[in-house]
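Novice: Note that the protein sequences, when read in sequence, are chains A and B. The first sequence begins at 544 in our numbering and counts up one residue at a time. The second sequence begins at 70 in our numbering and counts up one residue at a time.
What the hints contain is simulated information worked out from the structure, not anything from laboratory work. Because the structure is a prediction, the values reported are computed rather than measured. Where a beta carbon is used, it is the ideal one built from N, C-alpha and C, also for glycine. Do not rely on the hints blindly, as some may be mistaken.
Claimed, not checked - Partial selection, computed: residues in chain A whose CB lies under 8 Å from chain B:
hint: 1; residue: Y567
hint: 2; residue: G568
hint: 3; residue: E572
hint: 4; residue: D575
hint: 5; residue: F576
hint: 6; residue: D596
hint: 7; residue: G597
hint: 8; residue: S608
hint: 9; residue: M610
hint: 10; residue: M659
hint: 11; residue: G699
hint: 12; residue: V717
hint: 13; residue: M738
hint: 14; residue: G760
hint: 15; residue: M816
Said to hold, decoys possible - Capping the alpha-carbon separation at 25 Å, the derived lysine-lysine pairs in DSS-like fashion look like this:
hint: 16; chain 1: B; residue 1: K240; chain 2: B; residue 2: K200
hint: 17; chain 1: B; residue 1: K324; chain 2: A; residue 2: K633
hint: 18; chain 1: B; residue 1: K195; chain 2: A; residue 2: K619
hint: 19; chain 1: A; residue 1: K593; chain 2: B; residue 2: K309
hint: 20; chain 1: A; residue 1: K677; chain 2: B; residue 2: K309
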Amino acid sequence: MAALEVKIHDLILKNPVMTASGTYGYGLEFDDFYDVNRLGGILTKACTSKNRDGNAMPRMAETPSGMLNSVGLQNKGVDYFVEHIYPQIKKYNTHIIVNVSDSTIDGYKEVAEKLMPLEKITGIELNISCPNVKEGGMAFGTSCDTAAAVTKAVRGVYNKTIIVKLSPNVTDIVSIAKAVEAEGADALSVINTLMGMAINAETRRPVLAMVTGGLSGPAVKPVALRMVWQVSKAVDIPVIGLGGISNATDAIEFLLAGATAIQIGTANFVDPMVCIKVLEGINEYCDRHGVKDINELIGGLRY
Amino acid sequence: MAKFIHDFKVVENLPVNKDYFVLYLECPIQLPPILPGQFVQVQVHSSPTTYLRRPISIYDVDRDKNQLLLLIKKVGNGTKALSSLKVGEYLNLVYPLGNSFSIPHSGRVLLIGGGVGIAPMLYLAKYLKTKNVEAHVLIGGKSTHDIIECDKYKPYCEVYITTDDGSLGEKGLVTQHSLFGEQIKFYDRVYVCGPNPMMIAVSKLVEKYNIPCEVSLENMMACGIGACLCCVAPTHEGNKTTCVEGPVFNSKDLKW
C-alpha cells in the first residue's frame, strides 16, 4: 500500500480525497454510509455572514452527464454555524474546511474572523466563484483586482490555511490564480461550476427559476482538468482539483495534471459511497503501478 | 432513521398497463423499519441523460418476502429504462429516505392519490390498518387507465374513484367527488399525493373544516439526503428540504 499523505500548505491530509462544498452538507448526511474520518478532509456547505434563504425553485436541472444547480448559497449564517453546526461536526477527526462566501468584502472578513477560534476548523475555502448569486460570489472571482482584494482582506484577519476556489467562467484563470497567490492564498481549488442554462422546449421556459445555474458532473471534467494543469504549472502553491471526478481514474488524472489533492462533488449524489470507492481505487492504482508514495503522481504527466 | 445503500434484486417487473409498472425488489439484508410516505433513490444505468438517481415512493413493503415494491409511471428516460429491467438484474437503492405521514392512534382518515401520486397510499393504508385507524381512499385519474391496482386497497380500506372522463367511478376531479359534501367533515385527517394543483385544491377545501391535511411533495431532487438543498420547499419557517424534512408536509406549513 502506497503512502497517501499529501500536504496542502500546513495541513497534512491523510489522503488526497476531499469532498466539494455544497455537495456534502456538513458531513453528517453521510455518517450512515461510512466513516467520514477516512477522508483527507471535508469542505462544508458555504457559510455567509447572515442567513440566506437561497434562490427560488426549481433550483436544479439534470443535463447530459451532469446537472445545473442554482441553490444560491442557502445557509443560516456564520453565527448559527458556530453555535449549532460546529458542535455537531467537531467530532470528526479529519480536516474540516468551511467554504466562505458573502456579498461584501467585510462580510467575508466577518465570517473568517468568527471561524478563526474554532479549533477543528483547520482552514477556510474562499468561494469567489459561485455563479448563482447576484452580488458577491463569482463577481469577486472574475477579475484579478477583486479576487486579490478579497484574499488580501481575509488574509489580514485569518492566519490558518486559506484556500481560494476559482471560477472557470473567466478568460484567463491563470492570471486570477497568480493574483490571489500574490495576496497570500495558501492553496487553490480549481474549479467551481461552469455557468450554464437549460430550456424546456415544450413549455418554452427556462428550467431553472433563476434561468442560469452552475454546471457540474462528468460533463465538466475535461475543462477542469485543463484548468488544473494550466494553473498548477503557473503557481507555487498547491492546487486542489475538482470538476466531475466520479472514480479513482478521474482522481489520478487530476493528480497527474498537477493537483495535490482532489474534491469529489456531484458524484456524491449519484453514489453516496463514491469517496470511499475513489480512495480504495487510488490505493489499487498505486499498487498496480508500483507507486510507493502518492506524491510521485502529482504533476507526473508524461508528454 | 438510518439510511442504507444496497443492490436489490429484481424479482418481478410487472406491467400494469402501457404507462405503469410495478418493480418487486428483494433486499439483500433484512429490510429495516420503513414508514409510510418514505421513498428510495434509484440509480439508473443507461445513458448520459439519466445521470442522477430517481426519487421513487415506496408503494408497498412485503416483510414475508423481504421485498420493496415500487409503482412507477413511464415519464422520461429514467423511468423508461427502469421499465425494461429484467428479473434477476440488480438495482441500487439508497433507502429509506424522508419523513413519513403521521400516524394517528384512532379516528377516521381519508387518503387521496392522483395518478402516480397514489403510490405511497397503499403502504399507508396497510399501516393504518395495523393501527386500527379507519381509512378510506379516494383515487383520481384522467381515465380508467390511470386508476392503478385499486383492488389492492380493498383489504385495508373503502375505495372511492374519480376519473376526469367518467370512465370509472364518479366523473370529475377528486375535489368534485361527493365525499367533499357533508361527509368530509367526518374525517380527522386527510393525506394527499398527486400533482401540485390537486394537492393545493384539496388542502384548501379541507383546511376550511380545520381538518389537518398532509401532502407529499415531488420536488426535483439531486442527493436525496439533505446535502445539496436543491429540493427545498418554501414554508412559513423558511425553506425546508423535501428529501429529509419532507416529502410529507402539513399543508398549512407550506407557502403555496
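Novice: For each hint, tell me whether it holds in the structure or not.
Specialist: Here's how the hints hold up against the structure:
no., hint, result
1, Y567, "6 Å, holds"
2, G568, "4 Å, holds"
3, E572, "4 Å, holds"
4, D575, "4 Å, holds"
5, F576, "6 Å, holds"
6, D596, "6 Å, holds"
7, G597, "6 Å, holds"
8, S608, "4 Å, holds"
9, M610, "6 Å, holds"
10, M659, "26 Å, violated"
11, G699, "31 Å, violated"
12, V717, "30 Å, violated"
13, M738, "17 Å, violated"
14, G760, "6 Å, holds"
15, M816, "6 Å, holds"
16, B/K240 <-> B/K200, "32 Å, violated"
17, B/K324 <-> A/K633, "35 Å, violated"
18, B/K195 <-> A/K619, "39 Å, violated"
19, A/K593 <-> B/K309, "18 Å, holds"
20, A/K677 <-> B/K309, "22 Å, holds"
In summary, the structure is inconsistent with hints 10, 11, 12, 13, 16, 17, 18 from the numbered list given earlier, while agreeing with the others.
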